[in-house]
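Just need the whole structure built from these sequences, with the hints factored in.
Numbering (UniProt numbering) for the sequence shown: 1 to 388.
Any given hint could be a false lead.
Quick list of simulated restraints, FRET-style, between CB atoms [stated by the list, open to error]:
id	residue 1	residue 2	range
1	112	262	51 to 57 Å
2	162	265	19 to 25 Å
3	206	344	42 to 48 Å
4	165	120	48 to 54 Å
5	160	343	29 to 35 Å
6	155	267	52 to 58 Å
7	264	388	28 to 34 Å
8	311	262	38 to 44 Å
9	151	341	53 to 59 Å
10	258	341	56 to 62 Å
11	384	323	26 to 32 Å
12	163	281	22 to 28 Å
13	207	347	24 to 30 Å
Derived by calculation from the structure, the hints in this document are not laboratory data.
A quick note: this is a predicted structure, and the numbers were derived from the prediction, not measured.
For every residue, glycine included, the Cβ atom is placed at its ideal position computed from N, Cα and C.
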Amino acid sequence: MPLSPPQSSRTGHRERAHPAAPRRSRRRGAVVMVAALVLAAAGTTAAAGPAHATGPAHAATPNRTATHSTTAADCLTVRASGTSWHTGPDRGGVQRDYTITNTCDTAVTGWTLVLALAPGHTFQQGWNATWTGTGTGTGTGTGTGTGGTWTGRPAAWNSTVAAGGSISTGYLGTWTGSPQEPGCTFNGTPCGVTPTAKVALTSPTDGSVLVSVCAVRLTAEAQAQVGTIARVEFHINGQLVGSDTTAPYAIDVPPSHPALLGGTRHTAFARVVTLSPAATADSQTATFSHVPPPPALMVVACPSQVRVPAGGSTTVTFVTVCSDTPGLHLAVIGDPGITITPTVSPPGSREHRITVSAAPGSAGATARITANVDTGSCLPASATVTVS
Numbered sequence: 001m002p003l004s005p006p007q008s009s010r011t012g013h014r015e016r017a018h019p020a021a022p023r024r025s026r027r028r029g030a031v032v033m034v035a036a037l038v039l040a041a042a043g044t045t046a047a048a049g050p051a052h053a054t055g056p057a058h059a060a061t062p063n064r065t066a067t068h069s070t071t072a073a074d075c076l077t078v079r080a081s082g083t084s085w086h087t088g089p090d091r092g093g094v095q096r097d098y099t100i101t102n103t104c105d106t107a108v109t110g111w112t113l114v115l116a117l118a119p120g121h122t123f124q125q126g127w128n129a130t131w132t133g134t135g136t137g138t139g140t141g142t143g144t145g146t147g148g149t150w151t152g153r154p155a156a157w158n159s160t161v162a163a164g165g166s167i168s169t170g171y172l173g174t175w176t177g178s179p180q181e182p183g184c185t186f187n188g189t190p191c192g193v194t195p196t197a198k199v200a201l202t203s204p205t206d207g208s209v210l211v212s213v214c215a216v217r218l219t220a221e222a223q224a225q226v227g228t229i230a231r232v233e234f235h236i237n238g239q240l241v242g243s244d245t246t247a248p249y250a251i252d253v254p255p256s257h258p259a260l261l262g263g264t265r266h267t268a269f270a271r272v273v274t275l276s277p278a279a280t281a282d283s284q285t286a287t288f289s290h291v292p293p294p295p296a297l298m299v300v301a302c303p304s305q306v307r308v309p310a311g312g313s314t315t316v317t318f319v320t321v322c323s324d325t326p327g328l329h330l331a332v333i334g335d336p337g338i339t340i341t342p343t344v345s346p347p348g349s350r351e352h353r354i355t356v357s358a359a360p361g362s363a364g365a366t367a368r369i370t371a372n373v374d375t376g377s378c379l380p381a382s383a384t385v386t387v388s
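In structure tokens, the structure reads:
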């Protein structure tokens with residue numbers, strides 16, 4: 001259907017005098033493209049792999065330096081605007097404009113804009129991109145077609161978007177019935193959706209009771225739809241107690257940490273921090289109790305339930321709450337694919353840290369680790385291991 005000048009009624013933001021020629025948009029409607037979990041402590045499930053950070057005795061700081069690479073998904077945003085007009089009672093023309101902006105401080109090369117035209121809509125002419133489509137006619141730059149999906153990719157001269165710079169693209173088309181916005185994705189993310197980072201605190205779980213001789217193991221899973229995760233921070237009672245920069249995100253907070261000294265009931269949450277774009281998101285809050293062990297001479301497993309990935313490892317600490325500091329004899333009962341080191345821990349310390357490993361291909365295996373003192377009367381402890 002040829003595009004002719006508008007006659008009377010119009011839809012969109014502003015009247016258009018010469019629809020056949022591409023124009024820059026007159027009004028820009030924001031469509032900004034921008035875009036976590038395993039926690040553990042005594043009595044709960046431990047995250048796979050050793051804790052990567054230890055809660056400091058005082059203020060905590062990130063324990064590793066994060067690195068990231070600049071990609072189109074990290075830096076480029078798109079703003080869409082458009083106008084439509086009538087050429088008859090149930091038909092007309094449409095112009096859609098898309099401005100792509102680089103929000104980072106380095107140049108970015110490459111982008112993809114995909115438009116899904118509604119039935120009765122045509123793609124007549126595109127500009128500032130190589131346009132290909134699945135309509136009744138396809139072409140490059142000035143190809144035409146009805147409905148279908150149309151993909152715009154940069155031309156050689158505008159494939160790189162300078163730091164802080166922007167480029168524009170768009171198309172002219174027609175409609176019948178009523179004008180509708182095309183479906184739109186930019187670099188694989190729906191236009192008009194603001195992608196966000198997500199984080200989930202999985203241990204301690206809400207309502208859990210932990211033994212105060214154990215460090216509190218905080219673990220989380222995080223993901224970012226766009227951008228790069230710089231770190232995951234962990235907070236107890238609103239106080240930052242530590243952070244981790246690589247997955248699986250986990251820290252151990254020692255019982256002596258100031259955040260754990262004000263009573264026995266505490267709250268914890270995780271916060272993910274992203275780069276390019278810079279953003280944060282918080283997890284749900286978990287309430288837990290950190291209470292003294294029973295008044296009996298015993299060994300305590302920290303934690304008592306452990307999850308480890310096939311081919312991976314994690315740690316368990318056995319604490320002797322005994323009249324002295326005996327050594328421990330440790331054993332694995334269950335699947336032979338689950339092993340520990342060491343099997344004998346010498347006396348002289350209350351804390352005995354062991355490494356639990358799972359063989360490749362052992363997913364679903366379970367075992368129980370037992371810890372018995374080598375001398376004196378002190379109740380043994382055990383920890384259950386599950387391979388994921």
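Hint check results:
| no. | hint | verdict |
| --- | --- | --- |
| 1 | 112 <-> 262: 51 to 57 Å | 53 Å, holds |
| 2 | 162 <-> 265: 19 to 25 Å | 54 Å, violated |
| 3 | 206 <-> 344: 42 to 48 Å | 38 Å, violated |
| 4 | 165 <-> 120: 48 to 54 Å | 36 Å, violated |
| 5 | 160 <-> 343: 29 to 35 Å | 59 Å, violated |
| 6 | 155 <-> 267: 52 to 58 Å | 54 Å, holds |
| 7 | 264 <-> 388: 28 to 34 Å | 31 Å, holds |
| 8 | 311 <-> 262: 38 to 44 Å | 41 Å, holds |
| 9 | 151 <-> 341: 53 to 59 Å | 54 Å, holds |
| 10 | 258 <-> 341: 56 to 62 Å | 33 Å, violated |
| 11 | 384 <-> 323: 26 to 32 Å | 27 Å, holds |
| 12 | 163 <-> 281: 22 to 28 Å | 26 Å, holds |
| 13 | 207 <-> 347: 24 to 30 Å | 36 Å, violated |
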